[in-house]
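Q: Top to bottom, those sequences are chains A and B.
Taking my numbering, the leading residue of the first sequence gets 1, the next gets one more, and so forth.
Taking my numbering, the leading residue of the second sequence gets 1, the next gets one more, and so forth.
A portion of the hints provided could be inaccurate.
Identical copies carry no separate label here, and so any pair may be met within one copy or between two of them.
[Claimed, not checked] Below, computed lysine to aspartate or glutamate pairings styled on DMTMM-like, alpha-carbon distance capped at 20 Å:
| no. | residue 1 | residue 2 |
| --- | --- | --- |
| 1 | Lys62 | Asp105 |
| 2 | Lys62 | Glu154 |
| 3 | Lys69 | Glu154 |
| 4 | Lys108 | Glu96 |
| 5 | Lys62 | Asp142 |
| 6 | Lys48 | Glu60 |
| 7 | Lys69 | Asp153 |
Read the hints as simulated data drawn from the structure, not as lab findings.
Chain by chain, the residues:
There are 2 protein chains.
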Amino acid sequence: MESCTILPISRSLSLLSRRHDRDEACPCLALLRVKRRSSQPTRIHCQKMYVPGFGEGSPERKAANHLHKFFTHIAVRIVSAQLQSYNREAYDELTEFLSRHSMNDGDKFCADLMRESPRHQILALRILEVRSAYCKQDFEWDNLKRLASKLMDEANTTLMREYVLETSHVETESGK
Amino acid sequence: MESCTILPISRSLSLLSRRHDRDEACPCLALLRVKRRSSQPTRIHCQKMYVPGFGEGSPERKAANHLHKFFTHIAVRIVSAQLQSYNREAYDELTEFLSRHSMNDGDKFCADLMRESPRHQILALRILEVRSAYCKQDFEWDNLKRLASKLMDEANTTLMREYVLETSHVETESGK
Chain A
1 MESCTILPIS RSLSLLSRRH DRDEACPCLA LLRVKRRSSQ PTRIHCQKMY
51 VPGFGEGSPE RKAANHLHKF FTHIAVRIVS AQLQSYNREA YDELTEFLSR
101 HSMNDGDKFC ADLMRESPRH QILALRILEV RSAYCKQDFE WDNLKRLASK
151 LMDEANTTLM REYVLETSHV ETESGK
Chain B
1 MESCTILPIS RSLSLLSRRH DRDEACPCLA LLRVKRRSSQ PTRIHCQKMY
51 VPGFGEGSPE RKAANHLHKF FTHIAVRIVS AQLQSYNREA YDELTEFLSR
101 HSMNDGDKFC ADLMRESPRH QILALRILEV RSAYCKQDFE WDNLKRLASK
151 LMDEANTTLM REYVLETSHV ETESGK
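Isolated chain A (complex conformation) (with noise of 0.2 Å):
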C-alpha cells in the first residue's frame, strides 16, 4: 500500500482545515513544494490514505486471518451438516469433539482433531479440503465487496438521518 496521507475532505468539512495545515499534513505535498524550490522533476504517487498501527502487515492482512478463520468455521459447519445426513456415528464424534474444543484459533482445532484418533484424522483432512474448496471456489468475493459497499452507504445514510431527525426535532420543540 502506498504510505502517504490524502485528507478526503468534503466542501462541509473544509472548515476543520486550513491550506498550510493541509500541506503539513500530507508529506508529499511538502516534498512537491521542496522539489518545486529546487526546479527538480518529480513524479509523485500519492493515491491512499496512510494507516498506522499495522507494522510490517497491512489491513488487507488482517481481514485474511479473520476470513481464514471464518472459513474454518464455514468448513465445520459444512461437515457436520453433510455427516448428519448420512453417517451419525462420525457426526457423533465431531459434535462431541467440538464440544470439548474451542474454535477460536481454528489451525489448532484441526491439529488437535487431527491428533484425536484415525477417525478424527479424516475429518480433519475433510475439513482442511472444504474450508480451502470454499474459500477458493464458493465464497462469493465480488458479493462481499458489494454487500460492504452497500453496508456503508446504508449506515452512513442512516447514522446521519437520525441525526438531523433528532436535531430538527429539538429544533421544532424549543422553537415552539
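Using the hints provided, position chain B relative to the given structure of chain A.
A: Relative to chain A, chain B alone:
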C-alpha cells in the same frame, strides 16, 4: 447461493463414504436417480456446498458486517493520525472520546461522537466519509482474496507437514 450439498471428497477420503451414502447425502444425486427412473429430462444446478446456520443471511453478509466494523476502526485510525500532525486540539478530543467509548459497535460509536459536541460532530462526519472512501477506493479487495487463498494453502500445508513429521518420527522411534 445455491443450496445443494456437494461433497468435495478426495480419493484419500473416499474410505469414509460408501456409494449409496453419497447418494443419500446429496439430494441432487438422489433426484437424478429418480428422474432417470422416470425417464424424464432433467437439468441440475448443484455447484455449491450447503452452509447451514445463517438463516436468511449468508456467510458473505456476515463477513461484510465484520468488515464494516473493521473499516470504522481503520477510519478512526486514519483520522486520528491525520489530526495528530495538523490539529492537536481535535486529536486530543478524539483520543479522549476514544478512552471513554467502546468501538465494538462502530455505528454506535459514530452516533455518540456526533452528539457529543459540534466539534465532535465534525470529527464524526469525517470518520463516516473516510470509512466510506476506504471501503470503496483504498481497500484492496483483490489482494484480500489473494492473501486469504495463500494463507489457506500455507496453513493446510503446515498442518499436514507437521502431522506427517510427527507421526513419521514416532514410527521411526518405535521401529528402532
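Q: Now look at each hint and say whether the structure bears it out.
A: These are the hints, each one checked on the structure:
no.	hint	result
1	Lys62 with Asp105	both (15 Å within a copy, 18 Å between copies)
2	Lys62 with Glu154	between (24 Å within a copy, 16 Å between copies)
3	Lys69 with Glu154	between (27 Å within a copy, 14 Å between copies)
4	Lys108 with Glu96	within (17 Å within a copy, 38 Å between copies)
5	Lys62 with Asp142	both (19 Å within a copy, 14 Å between copies)
6	Lys48 with Glu60	within (14 Å within a copy, 26 Å between copies)
7	Lys69 with Asp153	between (27 Å within a copy, 13 Å between copies)
When each numbered hint is compared with the structure, no violation occurs for any of them.
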